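Enquirer: For reference, the chains in residue letters:
Protein chains: 2
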Amino acid sequence: MNYSFAPLTKNYESSAVRDILAVIQQGNVISFAGGLPAEDIFPIDAVKSAYEKVFASGKGSLQYGATEGFKPLRDAIQEKMERKGIFTNPDKILVTTGSQQTIDLFSRVMLAPGDIVLTEDPTYLAALQVFRSYGASVVAVKGDEHGMNPEDLKAKIEQYKPKFVYVIPTFSNPDGKAWSAERRQQLLKLCYQFDVLVLEDDPYSDIQFHQDEVYHPIASYDKEQTHVLYTSTFSKSVVPALRTGWVTGPAEVLEMMTQAKQMNDLHSSSIDQQALYHLLCDFDLEAHIKLIRSVYYERMTMMKEYLNQVGPGLFSWKEPKGGMFIWVEGPKHIDTTVLLAEAVKKGVAFVPGAQFYVNEPKLNTFRINFSHSTPDKIKLGMDRLVDILTSVPVV
Amino acid sequence: MNYSFAPLTKNYESSAVRDILAVIQQGNVISFAGGLPAEDIFPIDAVKSAYEKVFASGKGSLQYGATEGFKPLRDAIQEKMERKGIFTNPDKILVTTGSQQTIDLFSRVMLAPGDIVLTEDPTYLAALQVFRSYGASVVAVKGDEHGMNPEDLKAKIEQYKPKFVYVIPTFSNPDGKAWSAERRQQLLKLCYQFDVLVLEDDPYSDIQFHQDEVYHPIASYDKEQTHVLYTSTFSKSVVPALRTGWVTGPAEVLEMMTQAKQMNDLHSSSIDQQALYHLLCDFDLEAHIKLIRSVYYERMTMMKEYLNQVGPGLFSWKEPKGGMFIWVEGPKHIDTTVLLAEAVKKGVAFVPGAQFYVNEPKLNTFRINFSHSTPDKIKLGMDRLVDILTSVPVV
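From first to last, the protein sequence lines are chains H and D. The numbering of the first sequence is this note's numbering, which starts it at 57 and goes up by one. The numbering of the second sequence is this note's numbering, which starts it at 57 and goes up by one.
Note that these hints are calculated values from the structure, not bench results. It should be emphasised that the depicted structure is a prediction, and the values quoted were computed from it without experimental measurement. One or more of the hints may lead you astray.
Which copy is meant is left open, because identical chains are indistinguishable; a pair holds if it fits in one copy or across any two.
When the alpha-carbon atoms are kept at most 30 Å apart in a straight line, the in silico DSSO-like pairs for lysine-lysine are as follows [stated by the list, open to error]:
1. Lys198 / Lys66
2. Lys433 / Lys136
3. Lys433 / Lys148
4. Lys245 / Lys435
5. Lys127 / Lys115
6. Lys418 / Lys217
7. Lys136 / Lys115
8. Lys115 / Lys346
9. Lys115 / Lys433
10. Lys402 / Lys127
11. Lys127 / Lys433
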């Protein structure tokens with residue numbers, strides 16, 4: 057039979073992330089490709105205790121729940137938001153199956169074919185896939201290490217009248233940069249001026265290496281919650297298997313997203329939501345986040361020292377101030393997709409940077425993840441990677 | 057700010073299910089409205105043990121998982137499918153966040169504005185909401201207690217060239233009917249003839265009261281898995297809070313749905329999926345399903361006896377052969393939405409039938425759920441309901 061799919065499926069892109077997972081599963085390959093947190097420090101005992109409390113609370117815990125999410129969890133998220141300078145209330149918090157579902161539900165209620173979304177370049181590729189799957193076109197705004205260029209942002213807002221601007225301002229995926237406070241405020245000011253929404257994707261801000269630096273979420277400047285949808289997740293600070301994220305922002309938008317979520321899956325796992333609530337009550341998550349920071353900083357530093365061996369001038373990178381990734385730019389004549397094939401043969405993997413680009417991809421970039429591999433594996437994998445990088449001919 | 061939502065959001069319907077949940081939460085109301093399973097027989101000890109096994113399996117259990125679902129769970133689902141006469145393989149099983157997500161993902165990859173979906177009338181209202189949210193129009197096929205009328209189905213396939221036919225052939229929601237084997241085969245034959253897909257929604261077939269009767273899923277007749285997408289869930293046979301369902305069918309359609317799911321939420325909770333796998337290994341689910349059947353049969357019988365008190369001729373219903381609902385039709389002059397307001401005042405709730413209809417709603421119908429309330433509550437609630445029904449004036 058010839059299956060006649062909806063026309064929008066033509067915009068679905070072959071799944072790079074799944075291809076990456078396939079690489080990971082090859083026996084001897086040490087993968088710096090995926091965006092996986094460190095398994096070896098997962099707080100499994102605390103997670104286990106949290107689930108025990110759910111079952112101890114009785115059979116009612118196993119019944120259907122509300123689409124908006126488990127109310128005590130939303131209360132706890134509100135408190136977490138306050139500590140980030142975002143003042144909201146539980147009625148304006150929707151629990152989602154990870155922040156991926158926020159990106160999807162928000163796109164679903166906002167986007168129609170022909171609409172425009174403005175983004176950074178490079179940016180999170182699975183977000184690009186979602187926007188395009190609804191028929192939207194993505195337009196990249198120029199930027200530098202401090203964030204989007206306000207002049208270009210203004211020009212593109214005026215030219216394209218975008219539905220929203222999508223940004224990861226704190227320890228971006230893939231390039232790890234953190235926006236300056238000034239750029240955050242300039243973006244919001246322009247969005248106020250032209251009435252454009254912002255989708256602020258903030259999975260990594262808890263993983264901050266230098267505590268003397270301060271990064272306020274863009275949403276914290278949007279005091280009345282009129283223009284910014286802020287999404288984050290417990291996948292990085294607790295464990296990914298919980299698949300629990302949330303979104304807060306304008307009530308009217310959240311109401312529409314809640315209707316979409318009801319049609320999409322009724323609600324996210326309520327056992328997981330209840331367990332997460334107990335975990336937030338009983339477990340010192342702030343102490344655990346400190347542990348994550350120090351472990352990731354150590355691993356990032358290890359990787360950095362290996363990269364330093366490659367020699368100056370050939371490959372360049374900026375030391376990330378947080379997050380999970382180092383973004384590397386090589387000499388202009390190389391194609392890191394070709395390099396990856398060679399690397400996998402030698403037992404190490406990274407993600408070629410091309411697919412994160414909206415405009416012309418820089419074929420000479422790649423992303424490595426420093427959170428997932430233990431120091432032993434980092435040594436082994438980085439030895440292999442340095443071998444490959446140093447053998448790249450200087451043209 | 058004036059939020060400019062996507063045009064398709066105009067098709068979102070105010071959420072009847074959430075309104076129902078709001079009614080349930082009013083203190084003294086005994087609700088026969090929702091479609092909730094019996095909490096008092098939830099296998100909480102088995103569920104608890106299953107989660108313990110997940111945590112005992114190590115920290116890897118808390119990492120990100122595959123979009124398709126946890127492989128050992130898909131293997132177990134394949135065996136379950138075989139027992140229903142559906143021969144598939146784990147590569148053609150996608151785990152979803154309940155069968156609601158199957159309905160949504162399938163609609164997302166198939167439907168564009170202007171497309172037609174054929175359904176029974178009445179049918180599951182949250183499915184109607186999904187189809188319409190993608191801009192499709194729903195056309196009802198005539199039917200009776202044995203299933204869709206094949207002549208009308210053929211005529212409507214020829215007239216409307218539908219994208220698919222949506223059916224709940226075994227203990228339908230809302231009217232509890234079970235299709236005859238003949239009607240199931242006639243539907244599939246027509247779908248083969250005109251190359252139309254079938255979405256077979258089968259959440260209730262395990263809850264079958266009379267074991268001498270046999271209901272083969274329509275998918276079991278689709279030997280090559282070319283035309284039928286079959287979806288079911290563990291929400292009714294285990295517990296709803298797990299939010300775990302699945303879909304099997306044509307590989308090409310599942311591949312597209314998997315891409316959509318990856319954009320939608322990356323994957324469903326893998327802790328829950330692993331727990332469910334352990335539960336299926338260690339717990340006698342078949343024995344538990346037998347318990348569910350006998351408890352639900354007893355409750356249905358209690359309710360039936362109360363309804364018998366209302367007196368012949370005024371209200372009529374068919375005794376369901378399984379599932380969770382009794383569908384009641386009253387005298388033509390009544391409007392059960394008006395009656396509900398009165399019922400809630402007296403402390404009992406049901407769902408007015410109107411919203412389940414595609415064509416002209418029968419305002420004189422309502423649905424009551426027999427699974428959720430304990431015998432004590434059934435007595436109290438049905439006393440109240442019988443009072444209300446017997447006071448309806450005969451015109």
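Enquirer: Which constraints among the numbered hints does this structure fail? Numbers only, ascending.
Expert: 2, 3, 4
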